[in-house]
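Asker: When you get a sec, could you build the whole thing from the sequences and use the hints?
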Amino acid sequence: MANERPDPKRIDEATGTNFVGHEWDGIEELDTPMPRWWLWTFYLTIVWALVYVVLYPAWPLIEKGTEGVLGWTSRGQLAQEMTAADQSRASVREQIAAIDIEELRGNPDLMRQAVAGGAAAFKVNCIQCHGSGAAGSQTLGYPNLNDDDWLWGGDLTAIQATLTHGIRQQGDDATRTSEMPPFDGVFSQGEMNALVDHVLSLSGKAKSSPVGAKIYADNCVICHGASGEGDRSVGGPKLADAIWLYGSTRADIARQIRSPRMGVMPKWDGRLDPVTIKMLAAYVHSLGGGEDFVETAETADEAEAVEVNEQSE
Amino acid sequence: MNSQSKTPHLPGSGLYEKSRTVHNKRIDGPFRRFKWLVMLVTLGVYYGTPWLRWDRGPYAPDQAVLVDLANRRFYMFGIEIWPHEFYFVAGLLIMAGIGLFLLTSAVGRAWCGYSCPQTVWTDVFQHVDRFVDGDRNARIRLENAPWTWSKVLRRAFKWTIYLIIGFWTGGAWIMYFADAPTLVHDFWRGEAAPVAYITVAVLTLTTVTLGGFMREQVCIYMCPWPRIQTAMMDEKSLMVTYKDWRGEPRGSVKKAAKNPDQFGDCIDCTQCVQVCPTGIDIREGPQIGCITCALCIDACDRVMKDIGRPRGLIDYATLEDCEREAAGGETRPAWKALLRPRTIAYFLIWASIGMGLLFALGVRSHTDLTVSPDRNPPFMLMSDGSVRNSYTLKLRNMESRPRRMEIAVEGLAGATMWTDTIAREQAAATQEMEVPADETLTVRAYVQAPEGTPAGEFTFRMTSLDEQRETDTGSTRFDAPGGEQ
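Residue numbers (this note's numbering), protein chains in the order written: chain A, 1 to 313; chain B, 1001 to 1485.
Calculated from the structure, these hints are not laboratory results.
Careful: at least some of the hints might be erroneous.
Restricting the straight-line Cα-Cα distance to at most 20 Å, the calculated cross-link-like pairs of lysine to aspartate or glutamate (EDC-like) are [what the hints assert, rightly or not]:
id, chain 1, residue 1, chain 2, residue 2
1, A, K207, B, D1384
2, A, K205, A, E179
3, A, K123, A, D31
4, A, K207, A, D218
5, B, K1394, A, E94
6, A, K205, B, D1384
7, B, K1236, B, E1325
8, A, K205, A, D184
9, A, K123, B, D1374
10, B, K1394, B, E1325
11, B, K1394, B, D1384
12, B, K1018, A, D197
13, B, K1236, B, E1323
14, A, K123, A, D100
15, A, K9, B, D1384
16, A, K205, A, D252
17, B, K1305, B, D1234
18, A, K214, A, D197
19, B, K1394, B, D1374
20, A, K205, B, E1451
21, A, K9, A, E23
To spell it out: a stretch of chain A is covered by chain B in this simulated footprint if at least three of its residues, at any positions, have a beta carbon under 8 Å from a beta carbon of chain B; those stretches are [to be verified]:
id, segment
22, 29–42
23, 139–149
24, 234–248
Heads up, the beta-carbon is just placed ideally off N, CA and C, and yes, glycines get one too.
Answerer: Laid out in structure tokens, this is it:
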């Protein structure tokens, strides 16, 4: 069998088809014709490809590829989709722009939209200092935004004001400013130890002494309060709680008394539009430490300052 | 064997074969009547199902069978499938697959012959041909006739009917994906979604192309199933068989009368070829073009009856039976081929998957609680020294009514909880919330534990506040400064 080449002109008895001439162990291949429509389908795919090459970007050239008559690009499509997304968001942004920030909480749907928008803006503008989880950094002195301790107030209006004008931002009259004076060389080592003890005693972490209490009463009470309750109107930090912006060890506290660190938060007015700032305030408020708004003379001023600012946009 | 009836693929006839229209002749008989019945049932199910109603109360659609893609729900009478339960659909598909195995091992290509949509629709279109152009001979004459006005009109009329059938086929398909009466109304007013019109257009086109023009070409060239089936058939599978030991050599009744004992039972009347919807000659033996619709059995039995010979020259038989019969053995009834270890094994597998699915359906819970702790930051120190962790809770309510759920923190001494909608001032160890009907409610929960609480595991327990009191728990971790103690 191996030396015999089968005759390709032979015709298979059973089917009437001629053989191709290939044979494996007595099994031979028949030259069964393909259906004609299959051929036409194949031609159709070629035509399709030609049309596609003309209509769409196809051939890579040296500088750039062929562009296609339709002018379609993936970047163009992205831009179109982004515009469409912006347009679909426009009504939400308008509603947020129109509503008073304190009324956001009474409108859960809008609040949810604002929090989502704020979360997105936070990831672009805020995580550089406050961290992606908004937990801040104690070593670097960036405040944690999740907790319930607020230097300047934790209601929506106060957060919005802080965002708009920043903290210790030069060139902004409405910025939040406080200053802890340096006491380097003012106290002896013993006095310093007594003062640190007294500060720690405010949260029950150490025993106070008459010397420490006297130094505290003479120098610190005006901003931090007699029992370390702080004063938000001047940005005086609470000393009687468990949260320490620059660290809670004796060394941390002593260093902060001698040569205080004072962080700067940039104002976002002018860099972000008022709606984004409002959404950011909603997001920060939603992190778990947000407070209810209580009308006082100062908060009224703040709200006014924000309002004036929005109008000037 | 007679080579006259074979398709001539002679040398030099080209690489490609022009397709020939099959003009099958009308036939009546038990198998044809069974085919009518299957067609009636399958088409009835296909066109009728979307119109069945099923009351599910005010929060869910009342269409008995509905694939609600927008809301990601699949309704089938009393069963509602959520995306996470897609394994039920997978199970049904596996059952369908094994069902085909079962069918093939028991009755050969019965799926192809009776209930495959390609077969059913081809049958419909062939009946349209017969209705418009007459039976086989008239249709052959018309095809070979020149294109006169009368032929053009006839063709136009026929193809219009094709289009209408195609349109109804596509139109019925989209009814499974939306509320049928509303969709019909919207569709004709031009208010339905663009995808509805596109789907109908595509399905109209494919129905007309595949059922009206491609027909048996789909079975012979395009469908993988005949190829798979040839691998699954064995000597015990039922096939439509021409009993050549009884039929050969062929000869007319006259010739046989002149020379008794020289000719077989086949009188070469070619009725079996004329009625075949795929245009094959079953007398050439088993072949891929045979979908085992058994119309040739009907045709042959009728001829045998007319000339007074026993029926069954062409019949359902297994290869094993054929060999026994050819050797002079007894004819075994076809149903005896059904019960054998292989078919029983397939049936048991098929049935146990079905029972498993039913069981899973019976015991599935209609509530679910998923807890995922926020890891950034892992915990939060509060100003009074207590520690707060936050969690994302997902409360799933699969009932079609809103339900009140109680969420309790268990295994964390002194812990209180509040959420993004329950204020911190109302923090407590248990909270109640309303989960909307047929929805998953996502809640951001804050859990605060007193100063000094060590890190460790604890549990959220969800209980439905109704007579069912379904509960589910989610174990998670509470993180604290200093870690575990």
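Asker: If a hint holds in the structure, say so; if it doesn't, say that too.
Answerer: Status of each hint after checking the structure:
With a C-alpha separation of about 19 Å, the suggested pair K207 of chain A and D1384 of chain B falls inside the 20 Å cut-off, and the hint holds. Under the criterion of a C-alpha separation no larger than 20 Å, the hint pairing K205 of chain A with E179 of chain A is inconsistent with the structure, at around 26 Å. Between K123 of chain A and D31 of chain A the alpha-carbon distance is near 67 Å, which puts this suggested pair outside the 20 Å criterion. For the hint linking K207 of chain A to D218 of chain A, the alpha-carbon distance of about 19 Å falls within 20 Å, and the restraint holds.
Distance hint between K1394 of chain B and E94 of chain A is unfulfilled; the C-alpha atoms sit about 31 Å from each other, more than 20 Å. Using a Cα cut-off of 20 Å, the hinted pair K205 of chain A and D1384 of chain B holds, with the two alpha carbons roughly 13 Å apart. At most 20 Å may separate the alpha-carbon atoms for a hinted pair to count; K1236 of chain B and E1325 of chain B meet this at roughly 14 Å. Among the hinted pairs, K205 of chain A with D184 of chain A is inconsistent with the structure: their alpha-carbon atoms are about 24 Å apart, more than 20 Å.
This hinted pair checks out: K123 of chain A and D1374 of chain B have alpha carbons roughly 16 Å apart, not beyond 20 Å. For a cut-off of 20 Å, the pair hint linking K1394 of chain B to E1325 of chain B is broken: about 68 Å separates their Cα positions. Restraint check for K1394 of chain B and D1384 of chain B: the C-alpha separation of about 30 Å exceeds 20 Å, so the hint is violated. Taking the CA atoms of K1018 of chain B and D197 of chain A, the gap is near 102 Å; set against the 20 Å cutoff, the hint is violated.
For the given pair, K1236 of chain B sits about 11 Å from E1323 of chain B by alpha-carbon distance, which is consistent with the 20 Å threshold. Between K123 of chain A and D100 of chain A, the direct Cα distance comes to roughly 24 Å. Violation of the 20 Å bound is thereby established for this hinted pair. With a CA separation close to 99 Å, the supplied pair K9 of chain A and D1384 of chain B exceeds the 20 Å bound. About 14 Å separates the Cα atoms of K205 of chain A and D252 of chain A, which keeps this hinted pair within 20 Å; it holds.
Taking the CA atoms of K1305 of chain B and D1234 of chain B, the gap is near 31 Å; set against the 20 Å cutoff, the hint is violated. Restraint check for K214 of chain A and D197 of chain A: satisfied, since their Cα atoms lie roughly 12 Å apart, inside the 20 Å limit. A hinted pair counts as satisfied when its Cα atoms are at most 20 Å apart, and K1394 of chain B with D1374 of chain B qualifies at roughly 13 Å. Proximity of K205 of chain A to E1451 of chain B is assessed by CA-CA distance (about 13 Å); at most 20 Å being required, the pair is judged to hold.
As the CA atoms of K9 of chain A and E23 of chain A are separated by approximately 14 Å, the hinted pair is consistent with the 20 Å bound. Residue count for the segment 29–42 of chain A with a Cβ under 8 Å from a Cβ of chain B: 9. That meets the three needed, and the coverage hint holds. By the rule of at least three residues with a Cβ nearer than 8 Å to a Cβ of chain B, the coverage given for the segment 139–149 of chain A holds, with 5 such residues. Only residues whose beta carbon comes within less than 8 Å of a beta carbon in chain B count, and the segment 234–248 of chain A has 4; three or more means the coverage holds.
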